[in-house]
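Engineer: Each chain is listed here by its residues.
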Amino acid sequence: MINPLRPIGGAFLAFLATTGRLAMFSVNGVSHCVRPPFYGRQLLRQVIEIGFFTLPVVGLTAIFAGMVLALQSYTGFARFSAEGAIANVVVLSITRELGPVLGGLMIAGRIGAAMAAEIGTMRVTEQVDALTTLSTNPMKYLVAPRLIAGTLMLPLVVFIADIIGVFGGYLVSVYKLGFNPSNYLQNTWEFMEAIDVISGLVKASVFGFITTLMGCYHGYYSGGGAQGVGKATTNAVVSASILILCFNYILTLLFFTKDVAG
Amino acid sequence: MSQDNAAKIRLSGVRKTFAGGRKVVLDHVDLDIGKGESVVIIGGSGTGKSVTIKCMLGLLKPDSGSITIDGKEVTTMSPTDREDINRQVGMLFQAAALFDSLPVWENVAFGLLARKQCTRNDARDIAAEKLRLVGLAPDVLDLSPAELSGGMQKRVGLARAIATNPEIIFFDEPTTGLDPIMADVINNLIVHVNQTVGATAVTITHDMASARKIGDRIAMLYNGRIIWAGPTDAIDHSDNEYVDQFIHGRADGPIKMAVRG
Ligand SMILES: Nc1ncnc2c1ncn2[C@@H]1O[C@H](COP(=O)(O)OP(=O)(O)OP(=O)(O)O)[C@@H](O)[C@H]1O
Ligand SMILES: [Mg+2]
Numbered sequence: 146m147i148n149p150l151r152p153i154g155g156a157f158l159a160f161l162a163t164t165g166r167l168a169m170f171s172v173n174g175v176s177h178c179v180r181p182p183f184y185g186r187q188l189l190r191q192v193i194e195i196g197f198f199t200l201p202v203v204g205l206t207a208i209f210a211g212m213v214l215a216l217q218s219y220t221g222f223a224r225f226s227a228e229g230a231i232a233n234v235v236v237l238s239i240t241r242e243l244g245p246v247l248g249g250l251m252i253a254g255r256i257g258a259a260m261a262a263e264i265g266t267m268r269v270t271e272q273v274d275a276l277t278t279l280s281t282n283p284m285k286y287l288v289a290p291r292l293i294a295g296t297l298m299l300p301l302v303v304f305i306a307d308i309i310g311v312f313g314g315y316l317v318s319v320y321k322l323g324f325n326p327s328n329y330l331q332n333t334w335e336f337m338e339a340i341d342v343i344s345g346l347v348k349a350s351v352f353g354f355i356t357t358l359m360g361c362y363h364g365y366y367s368g369g370g371a372q373g374v375g376k377a378t379t380n381a382v383v384s385a386s387i388l389i390l391c392f393n394y395i396l397t398l399l400f401f402t403k404d405v406a407g
Numbered sequence: 011m012s013q014d015n016a017a018k019i020r021l022s023g024v025r026k027t028f029a030g031g032r033k034v035v036l037d038h039v040d041l042d043i044g045k046g047e048s049v050v051i052i053g054g055s056g057t058g059k060s061v062t063i064k065c066m067l068g069l070l071k072p073d074s075g076s077i078t079i080d081g082k083e084v085t086t087m088s089p090t091d092r093e094d095i096n097r098q099v100g101m102l103f104q105a106a107a108l109f110d111s112l113p114v115w116e117n118v119a120f121g122l123l124a125r126k127q128c129t130r131n132d133a134r135d136i137a138a139e140k141l142r143l144v145g146l147a148p149d150v151l152d153l154s155p156a157e158l159s160g161g162m163q164k165r166v167g168l169a170r171a172i173a174t175n176p177e178i179i180f181f182d183e184p185t186t187g188l189d190p191i192m193a194d195v196i197n198n199l200i201v202h203v204n205q206t207v208g209a210t211a212v213t214i215t216h217d218m219a220s221a222r223k224i225g226d227r228i229a230m231l232y233n234g235r236i237i238w239a240g241p242t243d244a245i246d247h248s249d250n251e252y253v254d255q256f257i258h259g260r261a262d263g264p265i266k267m268a269v270r271g
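In the order they appear, the protein sequences are chains A and B.
Under the working numbering, the first sequence has 367 at position 222, and the numbering climbs by one with no breaks.
Under the working numbering, the second sequence has 127 at position 117, and the numbering climbs by one with no breaks.
Heads up, a few of these hints could be off.
[To be verified] Looking from chain A toward chain B, a few residues come up when the C-beta cut is under 10 angstroms (computed): (1) P182; (2) L188; (3) F225; (4) E228; (5) A275; (6) L276; (7) T278; (8) L279; (9) S280; (10) T281; (11) N282; (12) Q372; (13) K376.
[Stated by the list, open to error] Chain A is nowhere near these chain B residues, computed Cβ spacing over 10 angstroms in every case: (14) L69; (15) K71; (16) M87.
[Said to hold, decoys possible] With a straight-line cut-off of 35 angstroms between C-alpha atoms, the simulated DSBU-like cross-links for lysine-lysine are: (17) K45/B with K71/B; (18) K71/B with K33/B; (19) K71/B with K376/A; (20) K71/B with K126/B; (21) K376/A with K82/B; (22) K223/B with K82/B.
Simulated from the structure, these hints should not be mistaken for laboratory data.
All residues carry an ideal CB built from backbone N, CA and C; glycine is no exception.
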């Protein structure tokens, strides 16, 4: 008679177990980031992977985001004869929101998936075990360099994406909507505040940590065979994307609530 | 014989189950491995030979029972202490488990580089030397593991296992997938590592010729227990029908293989 409650209880317990395991994994991973030995080569490899090879895809995303923003806000603002605010809208939206969020999501798809697949394959082909027998801690060798690289490099990538995005808005405003170039740039510069850029970069750093953590976690606990690795990859991308959107809201709340309340 | 010496590795009452206790793989394993001894573990496919080795390596945690290495209990040890023990251990995995993101030479030299006791150039030279011991020419040094055949990967795994001159070496089916001549080269290498270098060797194999050649002692695993263990030359008159069936490879006897049809 109490049967209907059982699956709910079971699911709840499984959820708690997963959360606990993830929390342990995060704490463990972060603690290995700050304790020697450090694996410089591994770190360098990840830094290049995240900081350099993601630039094309993130840059493309940013330039189109900036262009479409300019176009959309023009058609919207023309109704109120407020076209002058376009530069303002573009730079605010890009630096505060679109740069970090789109960048984070693209990285979740590109880097999170690759990490889960690589570590997952290493897990199922016993390469992770082999590391242990060669007195190398897999958390230190595989996880820590990825967490560090993600947390440090994503802000850099997003900063570049910000510039490219603003440039996209500039292109459309000047060459399609006929704005005066120097006026547009001046507006952009005047409206931009340090907090806009900084909050975006802090977000990027958090998103970089989330993405690499999810990639490493799902790969590390990947189940058997190709199917297990496939599932780990999907889970890494999905969970990283959802967490990025959640944390984006939380961080926005932390940074800008006084504007709303005040 | 070697039970009298202090055991290098001692397993007592080791039990390991999977699937939350529903699948009992190791029931009650007792095994003593003397210092400098070469012990071969034989047993049917899926009886838990690899699991036994992984328990000794600390990759799997037994449900109960004790495993000591040099008298120290390793099942309850902290990861840092375990890392120290692993420094004197080498392992050849059944499927080689080479790092596919690293070239062959870095695979072989991985343990050396991890210790930071030698430069990368020296490590590369040592890797070339170890590869020569397993019959591989220096032109494989810069290949990636994916470019090697299965048997070559196995031999690179072997070179990696012996590269740091460990005190204890585990070989999980070192000659499976090799031609008979290469298998004999590897057997000789294991005998050399064991007798000349003095390493304690634990080898899993299905190949009785190889078992006779490299083993001081043979232990047979069946149904989660060591059902027979003794000196290699005693295996032909063990008076154990399970052992007899296994070493002669007979389909009928007390060991029933799960064959459906
Ligand atoms: N991680 C695991 N999860 C669940 N079951 C496992 C796991 N590892 C091993 N087993 C089970 O334990 C049993 C013994 O496996 P093991 O790999 O030790 O066999 P083996 O004696 O080495 O066989 P082979 O000679 O074929 O390599 C098998 O039935 C296997 O299904
Ligand atoms: Mg096996």
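Engineer: Hints first: check each against the structure and report whether it holds.
Structural biologist: Hints, verified against the model:
| no. | hint | in the structure |
| --- | --- | --- |
| 1 | P182 | holds, 8 angstroms |
| 2 | L188 | violated, 14 angstroms |
| 3 | F225 | violated, 56 angstroms |
| 4 | E228 | violated, 53 angstroms |
| 5 | A275 | holds, 4 angstroms |
| 6 | L276 | holds, 8 angstroms |
| 7 | T278 | holds, 4 angstroms |
| 8 | L279 | holds, 5 angstroms |
| 9 | S280 | holds, 4 angstroms |
| 10 | T281 | holds, 5 angstroms |
| 11 | N282 | holds, 7 angstroms |
| 12 | Q372 | violated, 18 angstroms |
| 13 | K376 | violated, 19 angstroms |
| 14 | L69 | violated, 5 angstroms |
| 15 | K71 | holds, 13 angstroms |
| 16 | M87 | holds, 13 angstroms |
| 17 | K45/B with K71/B | holds, 23 angstroms |
| 18 | K71/B with K33/B | holds, 15 angstroms |
| 19 | K71/B with K376/A | holds, 26 angstroms |
| 20 | K71/B with K126/B | holds, 29 angstroms |
| 21 | K376/A with K82/B | violated, 40 angstroms |
| 22 | K223/B with K82/B | holds, 31 angstroms |
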